[in-house]
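J.: The lines below spell out each chain.
Number of protein chains: 2
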Amino acid sequence: MDERQVGALRFQLDLSQPIYEQIVEQMSRAILRGDIGLGEKIPSVRELAQGLRVTPNTVMHAYQEMERQGLTETRRGQGTFITSSRQRVEAFRQQEAHRVVTEFLAKMRSLGFTEAEIIEQLRSRRQEEEMQ
Amino acid sequence: MDERQVGALRFQLDLSQPIYEQIVEQMSRAILRGDIGLGEKIPSVRELAQGLRVTPNTVMHAYQEMERQGLTETRRGQGTFITSSRQRVEAFRQQEAHRVVTEFLAKMRSLGFTEAEIIEQLRSRRQEEEMQ
DNA sequence: TGAGTGTATGATAACACATAATACACTCGC
DNA sequence: GCGAGTGTATTATGTGTTATCATACACTCA
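Same order as they appear, the protein sequences are chains P and U.
If you use this note's numbering, the first sequence closes out at 132, no skipped numbers anywhere.
If you use this note's numbering, the second sequence closes out at 132, no skipped numbers anywhere.
Hints are computed from structural coordinates only; laboratory data are not their basis.
Hints should not be assumed to be uniformly reliable.
It does not matter which identical chain is used: a pair holds within one copy or between any two.
List of simulated lysine to aspartate or glutamate pairs, DMTMM-like, C-alpha gap at most 25 angstroms [what the hints assert, rightly or not]:
id : residue 1 : residue 2
1  : K107      : E129
2  : K41       : E129
3  : K107      : E3
4  : K107      : E128
5  : K41       : E90
6  : K41       : E21
7  : K107      : D35
8  : K41       : E65
9  : K41       : E73
10 : K41       : E96
11 : K107      : E67
12 : K41       : E3
13 : K41       : E117
14 : K107      : E117
15 : K107      : D2
16 : K41       : E25
17 : K107      : E96
With the sequences and hints as input, model every part of the structure.
T.: In structure tokens:
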């Protein structure tokens, strides 16, 4: 759980997953939570790389992935910015939800659970967690 | 979608994922569905390797993983067998379900969905699919 | 004993990921 | 225009995972 702060952003990196994917995921979350406002500039490739003690190439990889998903816009010579389109962010959120739900349903079905049982699993899980 | 039949088992292998993981997953599913009975012998390492046109090492990797999960028992010189304990199979199913649900909830929460919204997503998805 | 099992090892290759170093192109304020 | 700060590209190197190929060993059973 190596935790590092860069500007207003906090990152937790580990070795369980590619670093560039962790950057994308945690940055996306920050955008969805509103920790970074629409149209705001995010740290430069070199700045974030230094802050995370990681190669600029790795940050670049993450930034290109975010742009591909429509979350950011890069302006050569100026920097990388969160998209100023609220619709794009919402589209991303819906698209991700769709993907996650599809994956989840496929896995649960292959384990032999019916729709009703799947929802029941979720309900009982919620109760378990409320116990604590 | 390279589909291959080995004895009573059907496998679909692709390059999107490690082969040994695909073998574990599809064999597990076959056990859960009851396509292979408890205590039954499964193809030998070499036999399955030949059937799937894959290296024996790869099949070995898959078989060792299944044994680690308590799904199979291997008897040196005799072969690999599905566990004859119904409880072990059920334990595996529950454990997998727990893991899948946990992962799913974490992802959906990180996308900013509440419990109610998550269940709503599942319901609306079911309706979408019934349309077809 | 021999055929069929699981198991182990070493060499090789391909690929993804990350690092390091360097260079180029663009933008903006001075 | 210059220089600092941007994104971007390239090359080389290293590491780990996955898979292949070949070979060998250990065990079981008819």
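J.: Going back to the hint list, which numbers does this structure go against?
T.: 2 and 13
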